[in-house]
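Using the hints, position chains B, C and D against chain A.
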Amino acid sequence: MIKKSIALILIAILFVAIFFTLANDLPFGDNRTTTGVSDKYIYHGVNDTGASNLVTAIVVNYRGFDTLGEVTVLFVAATGVGAVLYNMGRPAGKKRKKTEASLIVRTGSRILFPMMLLFGAYIFVHGHLTPGGGFQGGAVIATAFLFKYVSDTRYHIDHNKFTATESVVGMTFALVGIMGLLLTGYFLFNFLPNGSPGELLSAGIIPIIYVAIGIKVGAELTGILDNMMEVEQ
Amino acid sequence: MILTIAVAILILMMMVFAVYSVETKDLLYAVVGTMAVSLIVSILFYVLQAPDVAMAEAAIGAGISTAVFVIAIKKTERYEHD
Amino acid sequence: MNFYTVLEYIGMFLVFVGALFLFLGALGIFRLPDVYNRLQAGTKATTLGAFGAIIGIGLMRPEWLPKAILIAVFILMTNPISSHALARASYRRGIKLWDRSVVDRYGPYLREKEEKEGKR
Amino acid sequence: MVNIDPTLMIGIPLFMGFLIPSVAIVWKNSPRYLAGFTILFNLIASTLLLIRSLNAPVISVLGGWQPPYGIVFVAGPLGSMLALLISSMTMLTWFYLPPHIKEGNETKFYMLFILLMAGATGMVLTGDLFNLFVFTEITSIASFSLLAYSRGKDEKEAVEATIKYMIIGSLSSAFFLIGIALLYGATGTLNMADLASKIPSANHNLVMMALAMIITGLGIEAEMFPLNGWTPDAYTGATHPVSVMFASVVVKAGFFALIRVVFLIFGAATEALQILMIFGLLTLFVGESSALRQTDLKRMLAYSSIGQMGLLLVAFSLNNQTALVGGLYAMLNHAIAKGLLFMAAGSFIFALGTRDISALNGMGKRMPVTSALFTIGAFSIMGLPFFGGFISKIVIIAGSMQAGTEGMLVAILILSASLIELVYFLRVVHRIWMREPEDDSRLKEAPFTQMFPMIVLAAFVFLMGIYPQAFFKVLIPAAQELLRGLGTMIGGA
Chain A
0 MIKKSIALIL
10 IAILFVAIFF
20 TLANDLPFGD
30 NRTTTGVSDK
40 YIYHGVNDTG
50 ASNLVTAIVV
60 NYRGFDTLGE
70 VTVLFVAATG
80 VGAVLYNMGR
90 PAGKKRKKTE
100 ASLIVRTGSR
110 ILFPMMLLFG
120 AYIFVHGHLT
130 PGGGFQGGAV
140 IATAFLFKYV
150 SDTRYHIDHN
160 KFTATESVVG
170 MTFALVGIMG
180 LLLTGYFLFN
190 FLPNGSPGEL
200 LSAGIIPIIY
210 VAIGIKVGAE
220 LTGILDNMME
230 VEQ
Chain B
0 MILTIAVAIL
10 ILMMMVFAVY
20 SVETKDLLYA
30 VVGTMAVSLI
40 VSILFYVLQA
50 PDVAMAEAAI
60 GAGISTAVFV
70 IAIKKTERYE
80 HD
Chain C
0 MNFYTVLEYI
10 GMFLVFVGAL
20 FLFLGALGIF
30 RLPDVYNRLQ
40 AGTKATTLGA
50 FGAIIGIGLM
60 RPEWLPKAIL
70 IAVFILMTNP
80 ISSHALARAS
90 YRRGIKLWDR
100 SVVDRYGPYL
110 REKEEKEGKR
Chain D
0 MVNIDPTLMI
10 GIPLFMGFLI
20 PSVAIVWKNS
30 PRYLAGFTIL
40 FNLIASTLLL
50 IRSLNAPVIS
60 VLGGWQPPYG
70 IVFVAGPLGS
80 MLALLISSMT
90 MLTWFYLPPH
100 IKEGNETKFY
110 MLFILLMAGA
120 TGMVLTGDLF
130 NLFVFTEITS
140 IASFSLLAYS
150 RGKDEKEAVE
160 ATIKYMIIGS
170 LSSAFFLIGI
180 ALLYGATGTL
190 NMADLASKIP
200 SANHNLVMMA
210 LAMIITGLGI
220 EAEMFPLNGW
230 TPDAYTGATH
240 PVSVMFASVV
250 VKAGFFALIR
260 VVFLIFGAAT
270 EALQILMIFG
280 LLTLFVGESS
290 ALRQTDLKRM
300 LAYSSIGQMG
310 LLLVAFSLNN
320 QTALVGGLYA
330 MLNHAIAKGL
340 LFMAAGSFIF
350 ALGTRDISAL
360 NGMGKRMPVT
370 SALFTIGAFS
380 IMGLPFFGGF
390 ISKIVIIAGS
400 MQAGTEGMLV
410 AILILSASLI
420 ELVYFLRVVH
430 RIWMREPEDD
440 SRLKEAPFTQ
450 MFPMIVLAAF
460 VFLMGIYPQA
470 FFKVLIPAAQ
480 ELLRGLGTMI
490 GGA
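Protein chains in written order, with numbering that gives the first Met the number 0: chain A, 0 to 232; chain B, 0 to 81; chain C, 0 to 119; chain D, 0 to 492.
If we strip away everything but chain A, and leave its shape as in the complex, we get:
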């Protein structure tokens, strides 16, 4: 009880300090584009990168290296989930019989599953044109697989194929970076032509990278789900 109240008081003090500092010194919604690097992104982004979606321009082109790192973080985290679950072992007994999903759900999943995959692919293929990108598209693809798992109790992904896909697309990303280094002397340099902004085939290396990220994220999140589902069986 005492511990809890001390913690609460500390949190309250911290909250007040942070709140007032932020409210006084970092006014919300101020126009600060002139002070930092953001004006370059905003005013030259489309010309520099050829991507009409500026968020993508920053995420994949200006700061593409961070994105390579984030993809690695997700990759490592997916492996880590596998490691923890592998060591936790299988809790013995208590194997509940799974109820088969009804006919309606099964039929619906047959029709909806490809549509969901298509939607995910749409999001990451159009990442440089419209809101969205590899991470979002990948998450949608993983949701599609989650749906498949729910609707069909016997469904399983093929681990080897998923691992192979994952590593091939991951290597694609790294290779694009290394190719940039070999061709121009800068890692992850945009060595393809920018094209005209707004078209599907534009923005240089961004579509390649986003397709790779989308597939990779989808495969990894599905892998996490699969690990969670399978630990008991």
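None of these hints come from the bench; they were simulated from the model.
Glycine included, C-beta positions come from ideal geometry on N, C-alpha and C.
Some clues are possibly wrong.
Only pairs whose alpha carbons sit at most 25 Å apart, straight line, appear in this in silico SDA-like list of lysine to any residue [to be verified]:
#: 1; chain 1: B; residue 1: 73; chain 2: A; residue 2: 47
#: 2; chain 1: A; residue 1: 147; chain 2: B; residue 2: 31
#: 3; chain 1: C; residue 1: 66; chain 2: C; residue 2: 47
Looking from chain A toward chain B, a few residues come up when the C-beta cut is under 8 Å (computed) [unchecked claim]:
#: 4; residue: 135
#: 5; residue: 220
#: 6; residue: 224
Same frame as chain A, but now just chains B, C and D:
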């Protein structure tokens, strides 16, 4: 003005859900609480003109991670002990 | 009055109807007595409501019409399937019907099926 | 001479990390060799980088966007020295690995192993604050995952330690990220050199809050006192080579990131240094006195490691060149000697099957070579003459003399902490050599692949104690780099 009030209400709701999901002993309800937080956050991102982030938050925060939590709770225990 | 203005008025009407149905659906979720009745309101009314609103927007902005139709078809498929799965799951978990419910066809069917499987 | 771009030291390991799982489907034993090849590449690249960076800092621009708009890698003498330390420790641990990995898991283990190295290398080389965050994430998540790969009866313990570390670690990254966001809000840039030039004119309150957040976040990685709850469990639960990696790579990279943010970005903000000094002394004493009470060999080493990190914090917060050189020397010495100690302890535990210190009675007769190596490591940490630790402590104390009366107090405290160290390490060494063993049978010494890294490390410990000038040649420019700040180095490019 209306937008500001709406945002304020959303933030307030978010805080309520967050506190609820920390405090409740039923982990399934806590997961629902975090899902609600994610949903509100994604609406807020949309209002603040970051649709990319809003999509990611909706798909990952409210979709996948909720599923992962629910599966984890199903495999372990539903109620928290002291 | 040209063609697009007419379309816009039709669209407005559809959005209005859709909003009305959505409101009724929300009211139903609050007012109805048990899970199954609430699912009725939450599915039928809101599907129609969302359908109306989306198609209405599509008519108001004809360049969005194809996307709007796609979204509407998607909702038309997902919404009933998910409520069906919810209702079935809650019945199997043993959530009771409202005590003034009139008919329950699923219960006898389930018992019959269990007996059949028990014999096998 | 061949010039290898520093970005390749990240690019190649990431590429290989993605490659390993798919090759392993076809060729089961490949992960070990692929990982070894990658580490060798990094070792060569970082050696070349160190030689180059002694003349002038090596700057590599990513994606062709000039800073501050893009990300930049800056390899000064300090960064490349640490990169060399990281890759060589990883190489030696790679030799030590085989019997300690659980069968059937090699693929993922080696993958995580090289990604951990890549993350730590990125942490010491990057010149961009957000990029630093990304690499910190890679490093810490790879460490949680490696921690979960334990074997034998420690499995449950390892999972518990993993979850503990994971929760604390995600808290730390949240703090770090908020700090970065505040800094970006106050200055509008993320490049470290650009930040250093803009911070004096930025809002003071915001900057200080950001500094507090970042110190909290990175302090967890660097085992700073109130934030080190994860350490003992993590070291104990991890399989032995992973403990080595924790002590000599992960914690060092985290500590370096902390020091870099404080020194380079905030220009050795004096308020921050005062606080760091207090926390450093606390860490030193809490670590050492907890180590005194332990009966578990690895737990004792873990607490001793916390104490040493406190010593490093104190040395750096004295903020003069001598103390900085001493701190860097202690950092090197600790990485090498603690790595040696964890390896030797791992061999003991592997042979005995228990982590209890009392089981070590008479090990000098049962496993003489490993015992001798353990003793060398222990002597170096204690700071006996002719070993690396002695030089580092002498230089730190010489540095503290320059800091006036406050420095005198610090010197006395450091000396008394060394005394505690002396007590608990001598206790173990005494058991190993002086006590009669309960069971007189000779135990099998570790195989050569395990002995080799330990002998190399022991040789370095001696070298550091006998011929420190060789190391000072690198460390003095490194300390000057820290004191001068990064802003002048890139020249506002």
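| Can you give the numbers of the hints that this structure goes against, from lowest to highest? | 1
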